[in-house]
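These protein sequence lines are chains A and B, in that order.
Mapped onto the working numbering, the consecutive letters of the first sequence carry residue numbers 1 to 159.
Mapped onto the working numbering, the consecutive letters of the second sequence carry residue numbers 160 to 228.
Just so you know, the hints here were simulated from the structure itself, not pulled from any lab data.
Since this is a predicted model, take the numbers as computed values, not measurements.
Be a bit skeptical, because a hint or two may be false.
Partial list, derived from the structure: chain B residues whose beta carbon lies under 8 Å from chain A [said to hold, decoys possible]:
hint	residue
1	E174
2	M175
3	D191
4	D198
5	K219
6	P223
A virtual CB, placed ideally from N, CA and C, is assigned to each residue, including glycine.
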Amino acid sequence: MSAIDFQFNYKRSITIDRLTQRPILDAASGTPLEVFHPFIPCVISSEKRRSRSTEGLLDSGSDGVVIPRTLAEYLELDLEPASEPMMVADGRNMERFVSKIMLTIGRGGRYSDPIEVEASVPAKGNPPVLIGREPVFRLHTITFVEAEKRLEMNPYRKV
Amino acid sequence: MVSPPMKKHGPEYIEMGSVTGIAGQWVVVVKDKVVASSDDAGEMFRLAEKYPEEDTVVTKILHPRASFY
Chain A
1 MSAIDFQFNY KRSITIDRLT QRPILDAASG TPLEVFHPFI PCVISSEKRR SRSTEGLLDS
61 GSDGVVIPRT LAEYLELDLE PASEPMMVAD GRNMERFVSK IMLTIGRGGR YSDPIEVEAS
121 VPAKGNPPVL IGREPVFRLH TITFVEAEKR LEMNPYRKV
Chain B
160 MVSPPMKKHG PEYIEMGSVT GIAGQWVVVV KDKVVASSDD AGEMFRLAEK YPEEDTVVTK
220 ILHPRASFY
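Isolated chain A, as found in the complex (with noise of 0.2 Å):
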């Protein structure tokens, strides 16, 4: 299989707030506060449907890959209940489906291998993409450079 050799900056974003419709301000100084997040270039597909280019969020908090149920829709995948629910970091069960994807990582004719995954798609709620530990954490050795805001990915070799 063919992983992935890349580094990317983090995804720099200013986010307006719904209620005011204006930017979120950085206490300190007053201005539109950046936030930048470890997010990497990547495609999902099903048997029937491939998604234009997206972003999924690194998360190492995450056990494997979770995209919203729109998302699953619109990809007409087969959602089957999972065996058990996804417990939240607050402690919380969460119904949860799962089913079969690929996810291909990159972009602009820069991609790895299709990697299979079994995604964890949440009854309720609006999350991004995660990408979690399984499998992109385990079949890469990933840096995280917070002080420059950017993350290394290289296929893992054993030593």
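On the provided structure of chain A, position chain B as indicated by the hints.
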């Protein structure tokens, strides 16, 4: 603050860019401009099919204090 310059050595580098949008919404970005937004990811992926694949990204605007599962 501007995103720090990337080191161009080593592995191939992919620029992730920047985006401005409403907290929690999904957006369609075409040539670095947000052309649509919605709470419904599926709606945004369907809309994105109308734009050239190489110019188009669908992403989510995270709230600065968001935490997930």
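So, going through the hints one by one against the coordinates:
Annotation: interface hint on E174/B holds; nearest CB of chain A at approximately 6 Å, less than 8 Å. About 4 Å separates the beta-carbon of M175/B from the nearest beta-carbon of chain A, less than 8 Å, and the hint is met. The interface hint given for D191/B is violated, since its Cβ lies 12 Å from the closest Cβ of chain A, which is over the 8 Å cut-off. Given the 8 Å rule on beta carbons, the hint for D198/B holds: about 6 Å separates it from the nearest Cβ of chain A.
At a threshold of 8 Å, the smallest CB-CB gap from K219/B to chain A is about 4 Å, leaving the interface hint in force. Proximity of P223/B to chain A holds as hinted, the smallest CB-CB distance being about 5 Å (cut-off 8 Å).
Violated hints amount to a single one, hint 3; each of the other numbered hints is respected by the structure.
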